[in-house]
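As given, the protein sequences belong to chains A and B, one line each in that order. Here this note's numbering is used: the first residue of the first sequence is 4, the next is one more, and so on. Here this note's numbering is used: the first residue of the second sequence is 2, the next is one more, and so on.
It should be emphasised that the hints constitute simulated quantities derived from the structure, not laboratory data. Among the clues, some could well be false.
To be verified - Part of the chain A face toward chain B, derived, beta carbon under 10 Å: (1) D11; (2) C15; (3) T27; (4) F29; (5) V30; (6) Y31; (7) L32; (8) N35; (9) F36; (10) P41; (11) Q48; (12) Y50; (13) L51; (14) M60; (15) M65; (16) E69.
Each residue gets a CB set at the ideal place from its N, CA and C atoms; glycine is no exception.
Next come the chains, spelled out residue by residue.
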Amino acid sequence: METENTADILECCKCHVTLESRRTDFVYLNYNFHVDVPRCPKCGQVYLPKALVEGKMADVEMLLEEK
Amino acid sequence: MRRKPSGLPKRQHIELLADALETSRMPSAGGGFDGAVFDSCAARAFPAMRASVRRLAQAAGARIHELRLHDREAQCCGWGGHIQASNPALFDRVVADRVEADPSPYLVYCANCRDTFRAKGKTCSHIIGLVFGLEETGSAPSIREKRENSLSLVSSLLQAFWGESHERPQTAANPMNLQYSPGLQQKMERLLISEEVVVQGIKLAEESSVKTLNRDSGEYTCSYREGTVTYWIQYSQKGTDHFNVHDIYCHRMHILGEAE
Ligand SMILES: [Zn+2]
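Could you build the full structure based on these sequences and the hints that come with them?
Here is the structure:
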């Protein structure tokens, strides 16, 4: 899975730093995935864009559920 | 159902109602009903409850018949597992199959069966409505209306039986003065997202500052996990206590390594 990089306009409101695109791991129904998404370099807070969640992630979830 | 005192027989409210009405004078409000009994899938393990529903319906004067699959083979109406939110196309297929199993109206005894069928335009009556002659019209209530109904039921029960006045939780109104983008409430309805999720999500984000800011648009994004679902809420703040909710989306996949 890949996503557009919008990290440089996103800021962590807790740490007041700009997010950076970082590898993030997901698990669903015993399957693991990873994708680069904007994350806070200090606290690790993740930002998931709508296009990713409603696009590829939704597709993967549905595929696994039908297995 | 949990923590039931041992020694008491397990009875469902429908069974108790059937007994109570048989020993009193049964109202015969169900005379106009002619249709099939749609067993709730949760009733597969409760033969006495299934029998009580049929007894009640007949005693109320309804004409009922059986579907091809019934009793221990009862099928899920489509509500189970919240397929509606996770796979809308499959949900539509499941409900259409159930609805088309018999062209006549259905007699149901589960609120979820009723709402699911009503939302698809299937004529159905709930056993309670049938027995007491309550007029059941219109389509299924929205998530917000269901919550409102539950809260007012609690209020009236507390008032009627315990003489207590009940402070309605402020969530019932619009505690955060949320303004939704056009079409967003319909999307929430479709995805079975309650307003409670938005309220809790934004509240937590505001208290903890765990949210991100889009510096170009001024929009905040926060996430809120409830059970197995993670919700992402995009919003902006207007004044001290007003929030504009722009969008909400959710997934079931779990993010590893996130601070809980
Ligand atoms: Zn941070």
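Closest C-beta approach of L32 of chain A to chain B relative to 10 Å, hint status
Since the shortest Cβ distance to chain B is 9 Å, the answer is holds.
C15 of chain A as an interface hint toward chain B, with CB separation required under 10 Å
holds (6 Å)
Let me know if the C-beta of F29 of chain A comes in closer than 10 Å to any C-beta of chain B, holds or violated.
holds (5 Å)
How about Y31 of chain A: closest beta carbon in chain B under 10 Å, or not?
holds (4 Å)
Take the shortest C-beta to C-beta distance between F36 of chain A and chain B; is it under 10 Å?
holds (8 Å)
Given E69 of chain A was flagged as interface, is its beta-carbon under 10 Å from a beta-carbon of chain B?
With a minimum Cβ separation of about 8 Å from chain B (threshold 10 Å), the hint on E69 of chain A holds.
Hint status (Cβ of Y50 of chain A to nearest Cβ of chain B, threshold 10 Å)
With a closest approach of 5 Å, the Y50 of chain A hint holds.
M60 of chain A as chain B interface residue, shortest Cβ-Cβ below 10 Å
M60 of chain A check passes; min Cβ-Cβ to chain B is 5 Å, inside 10 Å.
N35 of chain A as chain B interface residue, shortest Cβ-Cβ below 10 Å
Interface hint status for N35 of chain A: holds (8 Å vs cutoff 10 Å).
Using the nearest Cβ pair, does Q48 of chain A come within less than 10 Å of chain B?
holds (6 Å)
Close enough to count: is the Cβ of D11 of chain A nearer than 10 Å to one in chain B?
holds (9 Å)
Status of the hint placing M65 of chain A at chain B (closest C-beta pair under 10 Å)
holds (6 Å)
When the structure is compared with the earlier hints, no violation turns up for any of them.
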